[in-house]
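A.B. asks: So the chains spell out like this:
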Amino acid sequence: EPEVTQTPSHQVTQMGQEVILRCVPISNHLYFYWYRQILGQKVEFLVSFYNNEISEKSEIFDDQFSVERPDGSNFTLKIRSTKLEDSAMYFCASKDGGFADTQYFGPGTRLTVL
Amino acid sequence: DAKTTQPPSMDCAEGRAANLPCNHSTISGNEYVYWYRQIHSQGPQYIIHGLKNNETNEMASLIITEDRKSSTLILPHATLRDTAVYYCIVRVAGLTGTASKLTFGTGTRLQVTL
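Protein chains in written order, with our numbering: chain A, 1131 to 1244; chain B, 18 to 131.
Since the hints were made in silico from the structure, they are not lab data.
The reader is advised that the hints may include incorrect statements.
Below, simulated SDA-like cross-link-like pairs (lysine to any residue); rule was C-alpha separation at most 20 Å, straight line [as the list claims (entries may be wrong)]:
hint, chain 1, residue 1, chain 2, residue 2
1, A, K1172, B, Q128
2, A, K1187, B, T120
3, A, K1208, A, T1232
4, A, K1187, B, F121
5, A, K1187, B, S117
6, A, K1172, B, T120
7, B, K20, A, T1232
8, A, K1172, B, F121
9, B, K69, A, K1187
10, A, K1213, B, I56
11, A, K1172, B, T123
12, A, K1172, B, R108
13, A, K1172, B, Q62
14, A, K1172, A, I1190
15, A, K1172, B, Y63
16, A, K1172, B, K69
17, A, K1172, B, M27
18, A, K1187, B, G122
19, A, K1172, B, T100
20, A, K1187, B, Q128
21, A, K1172, B, R126
22, B, K20, A, Q1171
23, A, K1187, B, T100
24, A, K1172, B, T22
25, B, K69, A, I1190
26, A, K1172, B, T130
27, B, K20, A, E1174
28, A, K1172, B, N40
29, A, K1172, B, G122
30, A, K1172, B, S117
31, A, K1187, B, M27
32, A, K1172, B, Q59
33, A, K1172, B, I56
34, B, K20, A, S1188
35, A, K1172, B, S26
Cβ-to-Cβ under 10 Å is the rule here; a few derived chain A residues that face chain B [unchecked claim]:
hint, residue
36, K1172
37, E1174
38, M1219
39, C1222
40, T1232
The beta carbon of each residue, even a glycine, is placed where N, CA and C say it ideally should be.
One chain only, chain A, in its complex shape:
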């Protein structure tokens, strides 16, 4: 069964450093998402991406964040200058072009900012 994959599974970085989280969505999917979950809190929407552009972004997704689909398979989230409060699980999700809102999530990347 096709699945969303994410790398790395765990990323440790120093405050102020740039990080890139990588995702490979399901191959025929058209819509891509990033969510995050701070330890013990709800899963929060960050950004959605369709047709090579951002469809929607949350208040969390400020100028420090960017997304890119550099080729036909990868979808990346970049945090330019990490803060302590960026420590969280980051989940990538994808959805096909159909009517249903069934999103398929990856296993997540645990980002720890020291």
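We have chain A already, so just place chain B on it with the hints.
C.D. replies: Just chain B now, with coordinates in the frame of chain A:
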């Protein structure tokens, strides 16, 4: 999207049916009920969705009341691996070409015990 109310936690004995309720009294006619679950810190996993008819798949059954103001997710024979947080999400199904986000609440923490 309509607001949902779920009990914070439930217990279920292994092998028994787990019935997880969700109240969505303000649901609109074009809003679907979706269920996802999150096992420990893994990515959310889609379970099932429905509009007004009861639905069943290999994972679960979804029973929606006639007035659509509440629903129940049924795991017919719960196992220890079903221990997770279960999220009921109500939303308008996306039109093709929209990358609509999912909004997660706090869900119901289901503990399956021996």
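A.B. asks: Now, for every hint given, state plainly whether the structure supports it.
C.D. replies: Evaluation of the provided hints:
1. Between K1172 of chain A and Q128 of chain B, the direct Cα distance comes to roughly 18 Å. Compliance with the 20 Å bound is thereby established for this hinted pair.
2. Annotation: proposed proximity of K1187 of chain A to T120 of chain B holds, straight-line Cα distance about 13 Å (limit 20 Å).
3. A distance of roughly 25 Å separates the Cα atoms of K1208 of chain A and T1232 of chain A; the hinted pair therefore is violated under the 20 Å criterion.
4. Between the alpha carbons of K1187 of chain A and F121 of chain B the distance comes to roughly 16 Å, so the proposed pair stays at or under 20 Å and holds.
5. The straight-line distance between the Cα atoms of K1187 of chain A and S117 of chain B is roughly 10 Å, inside the 20 Å bound, and the hint therefore holds.
6. For a cut-off of 20 Å, the pair hint linking K1172 of chain A to T120 of chain B stands: about 9 Å separates their Cα positions.
7. A C-alpha spacing of about 19 Å is found between K20 of chain B and T1232 of chain A, which places the hinted pair at or below 20 Å, so the restraint holds.
8. Simply put, K1172 of chain A and F121 of chain B have alpha-carbon atoms about 7 Å apart, close enough for the 20 Å limit, and the pair holds.
9. The hinted pair formed by K69 of chain B and K1187 of chain A fails the criterion: a straight-line CA distance of about 31 Å is larger than 20 Å.
10. At roughly 27 Å between alpha-carbon atoms, K1213 of chain A and I56 of chain B are farther apart than 20 Å, so this suggested pair is violated.
11. For the suggested pair K1172 of chain A and T123 of chain B, the alpha carbons sit about 6 Å apart, so the restraint of at most 20 Å is met.
12. Between K1172 of chain A and R108 of chain B the alpha-carbon distance is near 18 Å, which keeps this suggested pair within the 20 Å criterion.
13. Between K1172 of chain A and Q62 of chain B, the direct Cα distance comes to roughly 15 Å. Compliance with the 20 Å bound is thereby established for this hinted pair.
14. With a C-alpha separation of about 14 Å, the suggested pair K1172 of chain A and I1190 of chain A falls inside the 20 Å cut-off, and the hint holds.
15. Annotation: proposed proximity of K1172 of chain A to Y63 of chain B holds, straight-line Cα distance about 16 Å (limit 20 Å).
16. For the hint pairing K1172 of chain A with K69 of chain B, the CA-to-CA distance comes to about 27 Å; that exceeds 20 Å, so the pair is violated.
17. Our distance criterion of 20 Å between C-alpha atoms is met by K1172 of chain A and M27 of chain B, whose separation comes to about 18 Å.
18. For the suggested pair K1187 of chain A and G122 of chain B, the alpha carbons sit about 18 Å apart, so the restraint of at most 20 Å is met.
19. For the proposed pair K1172 of chain A and T100 of chain B, the alpha carbon gap of about 17 Å is at most 20 Å, so the pair holds.
20. At most 20 Å may separate the alpha-carbon atoms for a hinted pair to count; K1187 of chain A and Q128 of chain B exceed this at roughly 34 Å.
21. Restraint check for K1172 of chain A and R126 of chain B: satisfied, since their Cα atoms lie roughly 13 Å apart, inside the 20 Å limit.
22. Restraint check for K20 of chain B and Q1171 of chain A: the C-alpha separation of about 18 Å stays at or below 20 Å, so the hint holds.
23. Under the criterion of a C-alpha separation no larger than 20 Å, the hint pairing K1187 of chain A with T100 of chain B is inconsistent with the structure, at around 32 Å.
24. As the CA atoms of K1172 of chain A and T22 of chain B are separated by approximately 15 Å, the hinted pair is consistent with the 20 Å bound.
25. A threshold of 20 Å between alpha carbons decides the hint, and for K69 of chain B with I1190 of chain A the separation of about 34 Å lies outside it, so the pair is violated.
26. Pair hint K1172 of chain A plus T130 of chain B does not hold up; C-alpha atoms about 25 Å apart against a cutoff of 20 Å.
27. Between K20 of chain B and E1174 of chain A, the direct Cα distance comes to roughly 16 Å. Compliance with the 20 Å bound is thereby established for this hinted pair.
28. Taking the CA atoms of K1172 of chain A and N40 of chain B, the gap is near 19 Å; set against the 20 Å cutoff, the hint holds.
29. At most 20 Å may separate the alpha-carbon atoms for a hinted pair to count; K1172 of chain A and G122 of chain B meet this at roughly 6 Å.
30. For the proposed pair K1172 of chain A and S117 of chain B, the alpha carbon gap of about 18 Å is at most 20 Å, so the pair holds.
31. For a cut-off of 20 Å, the pair hint linking K1187 of chain A to M27 of chain B is broken: about 34 Å separates their Cα positions.
32. About 13 Å separates the Cα atoms of K1172 of chain A and Q59 of chain B, which keeps this hinted pair within 20 Å; it holds.
33. Between K1172 of chain A and I56 of chain B, the direct Cα distance comes to roughly 13 Å. Compliance with the 20 Å bound is thereby established for this hinted pair.
34. Of the supplied pair hints, the one linking K20 of chain B and S1188 of chain A holds, its CA atoms being roughly 19 Å apart against a limit of 20 Å.
35. With a C-alpha separation of about 15 Å, the suggested pairing of K1172 of chain A with S26 of chain B holds against the 20 Å cut-off.
36. A hinted interface residue such as K1172 of chain A counts as satisfied when its beta carbon comes closer than 10 Å to some beta carbon of chain B; here the least separation is about 5 Å, so the hint holds.
37. Look at E1174 of chain A: its Cβ gets to within about 8 Å of chain B, closer than 10 Å, so that hint holds up.
38. Given the 10 Å rule on beta carbons, the hint for M1219 of chain A holds: about 6 Å separates it from the nearest Cβ of chain B.
39. Checking C1222 of chain A against chain B by beta carbon gives a least distance of about 8 Å; that is within 10 Å, so the hint holds.
40. Contact between T1232 of chain A and chain B, as hinted, is supported at the beta carbon level, the nearest pair being about 5 Å apart and thus within 10 Å.
When held up to the earlier numbered hints, the structure conflicts with 3, 9, 10, 16, 20, 23, 25, 26 and 31 and fits the remainder.
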